[in-house]
Amino acid sequence: MDAALIAGIVIAFVAILTVLRAVRIVPQARAGNVERLGRYYRTLGPGLNFVIPYIDRVRPLLDLREQVVSFKPQPVITEDNLVVDIDTVLYFQVTDPRAAEYEIANFIQGVEQLTVTTLRNVVGGMDLEKTLTSRDMINSQLRGVLDEATGKWGIRVNRVEIKAIDPPKTIKDAMEKQMRAERDKRAAILTAEGQRQSQILTAEGEKQSAILRAEGERTSQILKAQGQSQAIDEVFQAVHRNDPDPKLLAYQYLQVLPQLAQGQGNTMWVIPSEVTSALNTLSKAFTESLPASRATVTDGREHERRTAGSEAVAEAERAAAEAKAAAEDSELGPRQIEAGRPALGTNGIPSPDPAHAVRPDEQA
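In the working numbering, the protein residues as written are 4 to 367.
Don't take every hint at face value.
Within a straight-line C-alpha distance of at most 30 angstroms, the following computed DSS-like cross-link-like pairs (lysine-lysine) qualify [unchecked claim]: (1) K75 - K133; (2) K155 - K180; (3) K188 - K133; (4) K166 - K75; (5) K188 - K175; (6) K75 - K188; (7) K172 - K75; (8) K172 - K210; (9) K166 - K180; (10) K175 - K75; (11) K155 - K166; (12) K210 - K133; (13) K188 - K155; (14) K172 - K188; (15) K133 - K172.
These are calculated hints, taken from the structure and not from any lab test. Note that the structure is predicted; figures quoted are calculated from it, not measured.
Based on the provided sequences and hints, a complete structural model is requested.
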């Protein structure tokens, strides 16, 4: 009874184990190679799969997704004999699980070594400066060589990227000095160019300013000359209209002479020779009689007429007194005395005697 129970338990365990080995569930983006009696039989895809237990053996599943592998820095010698450490990153994907399983023992290691050898071959034909500035070209060459070499392994290389290129420390210091010198050179060039542009603009501004100043001065001088010309013309016309004589000019000349000595630095005053002639003309102006004006002539004539009338009246009165005295002496009558008095006119001048008046025909 106990043996039969143990045998049943053993059979049940074997049956369960057989069922478990016959059923295989493969996840998405995974693949497994099946070997029947040690020989490749088929590749299991994602999902539920059945195999023959104890006859079929399923190899470890392969990841069909794109994988990223970072390789450690590798020393590479450039064309100018400088050792640089290059760190690369590889992006690849398994496209054929059978080839990846049976064409190469370890495809990760194979891709790494192939990347190193290809990188040394590509970088060995470049100098350091070109290596530092030609990463895209290096990446494209690496990708082409790796994709061609790993195609038979069932692997597709999508991208190859260089993460870093580390030259030696001495080379870094030299590069930093060169870069600093280049920046100083560019800064000096830019400063000189800025100063040059500034000087050019300043010179252009001064030129324009001088031109405008000259134009303004020319216009100002032209206007001043025109104003002086008009003023001289007006003075000249006024002088000619008034017709001044040499006496007035001499007097004006003497009035201007004191202004010549008004300067603060005039310690000696030289009298020009024209002063003598001006003084002579002025002395003649004061010694000679000035011409009488119309009002003066009219007043003089009125005064002469009044003086003549007064003298005529006095003469008439004197003649009457003498006649009266003669009449008294000769005992003449008043009528004769009165008849002997001369008659006076309206202006006080004695009118001529009609008896003794001379007619025009007699005068002729």
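Going through the hints against the structure:
The suggested pairing of K75 with K133 holds, with an alpha-carbon distance near 22 angstroms, which does not exceed 30 angstroms. Restraint check for K155 and K180: not satisfied, since their Cα atoms lie roughly 48 angstroms apart, outside the 30 angstroms limit. With a C-alpha separation of about 22 angstroms, the suggested pairing of K188 with K133 holds against the 30 angstroms cut-off. In summary, the hint linking K166 to K75 is supported, as the alpha carbons are separated by about 10 angstroms, within the 30 angstroms threshold.
At roughly 20 angstroms between alpha-carbon atoms, K188 and K175 fall within 30 angstroms of each other, so this suggested pair holds. In summary, the hint linking K75 to K188 is not supported, as the alpha carbons are separated by about 38 angstroms, beyond the 30 angstroms threshold. Simply put, K172 and K75 have alpha-carbon atoms about 19 angstroms apart, close enough for the 30 angstroms limit, and the pair holds. Taking the CA atoms of K172 and K210, the gap is near 56 angstroms; set against the 30 angstroms cutoff, the hint is violated.
Using a Cα cut-off of 30 angstroms, the hinted pair K166 and K180 holds, with the two alpha carbons roughly 24 angstroms apart. The hinted pair formed by K175 and K75 meets the criterion: a straight-line CA distance of about 21 angstroms does not exceed 30 angstroms. Under the criterion of a C-alpha separation no larger than 30 angstroms, the hint pairing K155 with K166 is consistent with the structure, at around 27 angstroms. Taking the CA atoms of K210 and K133, the gap is about 51 angstroms. The hint is violated against a cut of 30 angstroms.
Using a Cα cut-off of 30 angstroms, the hinted pair K188 and K155 is violated, with the two alpha carbons roughly 54 angstroms apart. For a cut-off of 30 angstroms, the pair hint linking K172 to K188 stands: about 24 angstroms separates their Cα positions. For the suggested pair K133 and K172, the alpha carbons sit about 18 angstroms apart, so the restraint of at most 30 angstroms is met.
Hint violations for this structure: numbers 2, 6, 8, 12, 13, all remaining hints satisfied.
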